[in-house]
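Chemist: Going line by line, the protein sequences match chains A and B.
Counting in this note's numbering, the first sequence runs from 24 upward without gaps.
Counting in this note's numbering, the second sequence runs from 64 upward without gaps.
Treat the hints loosely; a few may be bogus.
Once the Cα atoms are required to be at most 30 Å apart in a straight line, the calculated DSS-like pairs of lysine-lysine come out as [to be verified]:
1. Lys235(B) - Lys69(B)
2. Lys235(B) - Lys97(A)
3. Lys34(A) - Lys51(A)
4. Lys220(A) - Lys70(A)
5. Lys235(B) - Lys70(A)
6. Lys230(A) - Lys97(A)
7. Lys197(B) - Lys68(B)
8. Lys223(B) - Lys246(A)
9. Lys136(B) - Lys197(B)
10. Lys246(A) - Lys184(A)
11. Lys246(A) - Lys143(B)
12. Lys230(A) - Lys184(A)
13. Lys197(B) - Lys143(B)
14. Lys184(A) - Lys97(A)
15. Lys112(B) - Lys197(B)
16. Lys97(A) - Lys197(B)
17. Lys26(A) - Lys70(A)
18. Lys235(B) - Lys51(A)
None of these hints come from the bench; they were simulated from the model.
These figures come from a predicted structure and were not determined experimentally.
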Amino acid sequence: MSKTITIDGTKISFTEGQTIMDAALAAKVYIPHLCHNPEFKPHGSCKLCTVNVNGRAVSACTMPASDGMEVENKTETLDNERRAIVQMLFVEGNHLCPTCEKSGNCQLQAVAYCLGMMTPHYNHFYPPREIDASHPDVFLDRNRCILCELCVRASRDVDGKNVFGLSGRGIGSRLVVNSASGRLGDSTFAVTDRAAKVCPTGAILIKRQGFSVPIGSRIYDHKPICQVETEGKSGGEHE
Amino acid sequence: MSEVKKVRIATCSLAGCFGCHMSLLDIDERLFDLLEVVEFNRTPLTDIKHCSPCDVGIIEGGVCNAENVHVLKEFRKNCKVLVAMGACAITGGLPAMRNNIDLWDCFQEVYRYEGGLEGGQIPNDPELPLPFDKVHPIYEVVKVDYFLPGCPPSGDAIWKFLTDLLAGREPKLDYEQLHYD
């Protein structure tokens with residue numbers, strides 16, 4: 024008998040060592056997430072994948088599945104909390120979708136659509152954030168960074184370079200670059216790095232590709248992210 | 064024959080580009096259906112300068128100067144239902160791109176250093192509204208009842224929103240009508 028967990032009443036099987044998120048992705052059940060990408064070690068920081076397990080709130084991406092677990096995922100309360108989290112992400116950065124070339128392919132935006140976010144609701148911080156155009160092939164715009172650390176993990180664990188890290192606290196938290204000058208152009212970063220292609224938002228953009236896909240043909244123009252993600256596409260891959 | 068009482072709508076553009084108003088005109092011939100049930104009060108379409116008591120107020124654009132605040136408060140005071148239409152009214156939008164640039168630097172760039180300007184001066188007529196150092200969405204100034212995102216929202220999204228609202232339903236956009244760009 025295989026082991027199973029139940030998500031919103033549906034039984035899905037899992038193998039020992041899988042998290043709730045692993046099991047859900049394998050069974051094509053969508054749990055909203057931003058900092059998770061199955062390719063990398065779970066981070067558990069964005070809290071969008073928070074689900075209720077036996078009455079307790081846990082992060083689906085870090086919580087190991089165990090036999091008989093009862094998981095609540097798609098509930099009005101959880102989705103309201105998820106929407107509030109996304110709204111906070113919007114006001115804590117400078118996310119001006121009409122100006123961003125990632126628009127239509129952006130996971131932050133897509134999750135917000137999926138959760139029916141009509142307004143960022145909270146007062147905007149408009150925090151001053153630095154941009155870095157020093158690299159010949161890649162543009163770094165911290166205005167759109169949501170501190171998910173996917174680029175940090177990709178550069179450290181896949182590229183073996185450790186180009187990125189997070190520094191600071193609270194509203195001063197920011198992505199930093201591992202080079203003497205702190206500039207991306209002076210680091211060992213290359214456009215072929217895995218870290219160049221994992222950003223869920225438009226914080227890390229490959230130059231000279233902007234707006235190459237017309238409106239109407241972008242990933243989330245017609246299909247919500249919950250559908251895109253459960254049709255077998257790996258999270259985070261946006262090429 | 065007694066006339067059906069029409070729903071009175073006012074619209075305006077604050078720190079916006081009038082793109083949302085252009086999109087409103089994009090409902091095309093449905094404008095005639097709309098005019099069966101609504102009448103326009105203050106709006107750029109009628110050129111009425113001040114708001115009378117209205118059922119619905121639709122605001123395009125964010126708040127970038129003192130005059131924007133006066134107009135916005137006039138709308139809030141007179142409109143039973145206030146709608147933020149478009150990215151600028153909801154997030155500050157493109158004008159908010161200046162929020163992390165010093166206002167004085169901004170003015171110098173636009174009125175003095177921009178190519179082709181000879182002897183340009185920064186306008187200082189006392190009649191000009193006082194600019195704010197940051198652009199804000201309208202809900203940070205007054206209570207807003209409904210939000211209609213998009214840059215601009217499509218004619219179809221505006222039509223869906225208005226028909227829902229006029230029918231007394233909670234406005235709900237279809238997936239492809241909800242976008243922030």
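Chemist: Each hint: holds or not?
Modeler: Cross-check of the supplied hints:
For the given pair, Lys235(B) sits about 23 Å from Lys69(B) by alpha-carbon distance, which is consistent with the 30 Å threshold. Restraint check for Lys235(B) and Lys97(A): satisfied, since their Cα atoms lie roughly 20 Å apart, inside the 30 Å limit. For the hint linking Lys34(A) to Lys51(A), the alpha-carbon distance of about 12 Å falls within 30 Å, and the restraint holds. Our distance criterion of 30 Å between C-alpha atoms is met by Lys220(A) and Lys70(A), whose separation comes to about 22 Å.
A threshold of 30 Å between alpha carbons decides the hint, and for Lys235(B) with Lys70(A) the separation of about 27 Å falls inside it, so the pair holds. Between Lys230(A) and Lys97(A) the alpha-carbon distance is near 38 Å, which puts this suggested pair outside the 30 Å criterion. Simply put, Lys197(B) and Lys68(B) have alpha-carbon atoms about 41 Å apart, too far for the 30 Å limit, and the pair is violated. At most 30 Å may separate the alpha-carbon atoms for a hinted pair to count; Lys223(B) and Lys246(A) meet this at roughly 19 Å.
Proposed proximity of Lys136(B) and Lys197(B) is supported: the alpha carbons are some 18 Å apart, at most 30 Å. A hinted pair counts as satisfied when its Cα atoms are at most 30 Å apart, and Lys246(A) with Lys184(A) does not qualify at roughly 35 Å. At most 30 Å may separate the alpha-carbon atoms for a hinted pair to count; Lys246(A) and Lys143(B) exceed this at roughly 35 Å. The hinted pair formed by Lys230(A) and Lys184(A) meets the criterion: a straight-line CA distance of about 21 Å does not exceed 30 Å.
The straight-line distance between the Cα atoms of Lys197(B) and Lys143(B) is roughly 28 Å, inside the 30 Å bound, and the hint therefore holds. Proposed proximity of Lys184(A) and Lys97(A) is contradicted: the alpha carbons are some 38 Å apart, above 30 Å. For the suggested pair Lys112(B) and Lys197(B), the alpha carbons sit about 26 Å apart, so the restraint of at most 30 Å is met. Only pairs whose Cα atoms come within 30 Å are accepted, and Lys97(A) paired with Lys197(B) is rejected, the gap being roughly 38 Å.
The suggested pairing of Lys26(A) with Lys70(A) holds, with an alpha-carbon distance near 26 Å, which does not exceed 30 Å. Distance check on the hinted pair: Lys235(B) and Lys51(A) sit about 27 Å apart at the alpha-carbon level, within 30 Å; holds.
Taken one by one, the earlier hints fail for this structure at numbers 6, 7, 10, 11, 14 and 16, listed in ascending order.
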